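Peer 1: Protein chains in written order, with the working numbering: chain A, 59 to 193; chain B, 59 to 193.
Hints in this document: simulated from the structure, not taken from any laboratory. Model, not experiment: these values are computed from the prediction. C-beta atoms are modelled at their ideal positions from N, C-alpha and C, and glycine is treated no differently. Fair warning: there could be bad hints in the mix.
What the hints assert, rightly or not - Cut-off 25 Å, straight-line C-alpha distance, at most; resulting in silico cross-link-like pairs (DSS-like, lysine-lysine):
1) A:K159 to B:K125
2) B:K159 to A:K92
3) A:K159 to B:K91
4) A:K90 to B:K125
5) B:K164 to A:K132
6) A:K93 to A:K116
7) B:K189 to B:K159
8) A:K97 to B:K125
9) A:K108 to A:K62
10) B:K164 to A:K77
11) A:K125 to A:K159
12) A:K62 to B:K159
13) B:K164 to B:K189
14) A:K118 to A:K130
15) A:K92 to A:K159
Said to hold, decoys possible - The calculated label-pair distances, taken between Cβ atoms and stated as ranges, are:
16) B:G142 to A:K164: 25 to 33 Å
17) A:K116 to B:L180: 41 to 49 Å
18) A:E87 to B:K159: 14 to 22 Å
19) A:C158 to B:K159: 50 to 58 Å
20) A:L104 to B:F154: 41 to 49 Å
21) B:K79 to A:S129: 51 to 59 Å
Claimed, not checked - Here are some chain A residues pointing at chain B (derived, C-beta under 8 Å):
22) T72
23) Y73
24) P95
25) L96
26) F98
27) D127
28) V133
29) A134
30) T135
31) L139
32) L152
33) I173
34) I182
35) L191
36) V193
There are 2 protein chains.
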Amino acid sequence: MLSKKSQYAFKALTYLAEKYKEGPVLISEISKKKKIPLKFLENILLELKKEGILDSRKGKGGGYFLKKDPSKVKVATVIRLINGPIAMLPCVSLYFYERCKDCDEKHCGLHDMMIEVRDATLNIVENRTLKDLLV
Amino acid sequence: MLSKKSQYAFKALTYLAEKYKEGPVLISEISKKKKIPLKFLENILLELKKEGILDSRKGKGGGYFLKKDPSKVKVATVIRLINGPIAMLPCVSLYFYERCKDCDEKHCGLHDMMIEVRDATLNIVENRTLKDLLV
DNA sequence: TTATTACCCTACCAAATAAGTAGACTAAAA
DNA sequence: TTTTAGTCTACTTATTTGGTAGGGTAATAA
Chain A
59 MLSKKSQYAF KALTYLAEKY KEGPVLISEI SKKKKIPLKF LENILLELKK EGILDSRKGK
119 GGGYFLKKDP SKVKVATVIR LINGPIAMLP CVSLYFYERC KDCDEKHCGL HDMMIEVRDA
179 TLNIVENRTL KDLLV
Chain B
59 MLSKKSQYAF KALTYLAEKY KEGPVLISEI SKKKKIPLKF LENILLELKK EGILDSRKGK
119 GGGYFLKKDP SKVKVATVIR LINGPIAMLP CVSLYFYERC KDCDEKHCGL HDMMIEVRDA
179 TLNIVENRTL KDLLV
């Protein structure tokens, strides 16, 4: 399951995608329009900025805006940044890999199946961007 | 991500699948062989029994055993029982559906994409059984 | 140059969930 | 009737999630 934080992130990002190239958008505006707790949203946006997805301007006329074109921001990237691993097991994760203890990956049916699940999921989320989320 | 509990459940179930039709297996044996905390495993097995996947016998010579053939126990079923929803959002879950608040499912790109992800995942886990987990 | 605006940053808190434990109870055999 | 082994209720503890508080800092414009 995606955390609420992730859902908030996607709402905020699609909002900013709609307003791409229209200048900075206030946190408070996003908060109001998308019904996301203001201070929580601040944290999320700041994180997305540090990761290079958003940029911001301070002072009057300031706010947040997408750093890249919406079609360049992959859904998979956002999930990994805010939510964490996409795979269902650490031992099959590409970006958050951890070795199984007490279990031989070479002889584990669950492992093999979870690789398939991971790839099926990646096949979708790696090939979709913020642009695709706009209806 | 699958919880540790789910991973324990799968380890225990594949162990029992290997010993299918060989009579009851002690909780303590599974605990030892699969390195699962004994009391925690008790809870898990009991849950799986209540859900109709396992059966048990008390007293000497007792233990747990699969109620059905390993090829009849779907991976999807086990995940739902022990881990919960397979979908990434409540609003696209088949068995744990919850309506999105503040969001129109008819006009939500994330929603649509998550249905695809769900179906891609289900296509795998609904068509695999404990038997497939044995290497 | 100073007031205002708006993001930046650190730290904290409460609720929920995950992970694991304790101990008494009950049923089946030997 | 003793031993064995699962059943059941109820904890405890650790981690994660979802948020809040409040001062700091940078940019803008009067």
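Peer 1: Hints first: check each against the structure and report whether it holds.
Peer 2: Status of each hint after checking the structure:
1. Proposed proximity of A:K159 and B:K125 is contradicted: the alpha carbons are some 29 Å apart, above 25 Å.
2. Restraint check for B:K159 and A:K92: the C-alpha separation of about 11 Å stays at or below 25 Å, so the hint holds.
3. Pair hint A:K159 plus B:K91 holds up; C-alpha atoms about 13 Å apart against a cutoff of 25 Å.
4. For the given pair, A:K90 sits about 53 Å from B:K125 by alpha-carbon distance, which is inconsistent with the 25 Å threshold.
5. For a cut-off of 25 Å, the pair hint linking B:K164 to A:K132 stands: about 22 Å separates their Cα positions.
6. Simply put, A:K93 and A:K116 have alpha-carbon atoms about 23 Å apart, close enough for the 25 Å limit, and the pair holds.
7. At most 25 Å may separate the alpha-carbon atoms for a hinted pair to count; B:K189 and B:K159 exceed this at roughly 40 Å.
8. The hinted pair formed by A:K97 and B:K125 fails the criterion: a straight-line CA distance of about 51 Å is larger than 25 Å.
9. Restraint check: the Cα-Cα separation between A:K108 and A:K62 comes to about 20 Å, which is no more than 25 Å; the hinted pair holds.
10. The straight-line distance between the Cα atoms of B:K164 and A:K77 is roughly 21 Å, inside the 25 Å bound, and the hint therefore holds.
11. With a CA separation close to 41 Å, the supplied pair A:K125 and A:K159 exceeds the 25 Å bound.
12. As the CA atoms of A:K62 and B:K159 are separated by approximately 12 Å, the hinted pair is consistent with the 25 Å bound.
13. The hinted pair formed by B:K164 and B:K189 fails the criterion: a straight-line CA distance of about 39 Å is larger than 25 Å.
14. At most 25 Å may separate the alpha-carbon atoms for a hinted pair to count; A:K118 and A:K130 exceed this at roughly 28 Å.
15. Distance check on the hinted pair: A:K92 and A:K159 sit about 43 Å apart at the alpha-carbon level, beyond 25 Å; violated.
16. A beta carbon spacing of about 29 Å between B:G142 and A:K164 agrees with the range 25 to 33 Å that was offered as a hint.
17. The given range of 41 to 49 Å is respected by A:K116 and B:L180, whose C-beta atoms sit roughly 46 Å from each other.
18. Roughly 20 Å separates the CB atoms of A:E87 and B:K159, a value that falls within the hinted 14 to 22 Å.
19. Remark: the range hint 50 to 58 Å for A:C158 to B:K159 is contradicted by a beta-carbon distance near 38 Å.
20. For the hinted restraint 41 to 49 Å between A:L104 and B:F154, the CB-CB distance of approximately 32 Å leaves it violated.
21. In this structure the supplied range 51 to 59 Å holds for B:K79 paired with A:S129, their Cβ-Cβ distance being about 56 Å.
22. Given hint, A:T72 at the interface with chain B, holds; its Cβ is 7 Å from that chain's nearest Cβ, closer than 8 Å.
23. Against a cut-off of 8 Å between C-beta atoms, the interface hint on A:Y73 is violated, since the closest Cβ of chain B lies about 12 Å away.
24. For A:P95, the interface hint is violated, the least distance from its beta-carbon to any beta-carbon of chain B being 12 Å, above 8 Å.
25. Look at A:L96: its Cβ only gets to about 15 Å from chain B, farther than 8 Å, so that hint breaks.
26. With a cut of 8 Å, the hint placing A:F98 at the interface with chain B is violated, because the nearest CB-to-CB distance is about 14 Å.
27. Here the hint on A:D127 is broken, as its CB sits about 16 Å from the closest CB of chain B, past 8 Å.
28. Interface restraint check: A:V133 against chain B, minimum CB-CB distance 7 Å, threshold 8 Å, status holds.
29. A hinted interface residue such as A:A134 counts as satisfied when its beta carbon comes closer than 8 Å to some beta carbon of chain B; here the least separation is about 11 Å, so the hint is violated.
30. A least Cβ separation of about 14 Å between A:T135 and chain B goes past the 8 Å threshold, and the interface hint is therefore violated.
31. Checking A:L139 against chain B: minimum C-beta separation of about 15 Å lies over 8 Å; hint violated.
32. The restraint placing A:L152 at the interface with chain B is violated, with a minimum CB-CB distance near 14 Å, outside the 8 Å limit.
33. Annotation: A:I173 was flagged as interfacial toward chain B, and the flag is violated, the nearest CB pair being 10 Å apart, outside 8 Å.
34. Against a cut-off of 8 Å between C-beta atoms, the interface hint on A:I182 holds, since the closest Cβ of chain B lies about 5 Å away.
35. The interface hint given for A:L191 holds, since its Cβ lies 3 Å from the closest Cβ of chain B, which is under the 8 Å cut-off.
36. Hint status for A:V193 relative to chain B: holds, with the closest Cβ pair at about 5 Å, below 8 Å.
The structure fails to meet hints 1, 4, 7, 8, 11, 13, 14, 15, 19, 20, 23, 24, 25, 26, 27, 29, 30, 31, 32, 33 from the earlier list, while all remaining hints are met.
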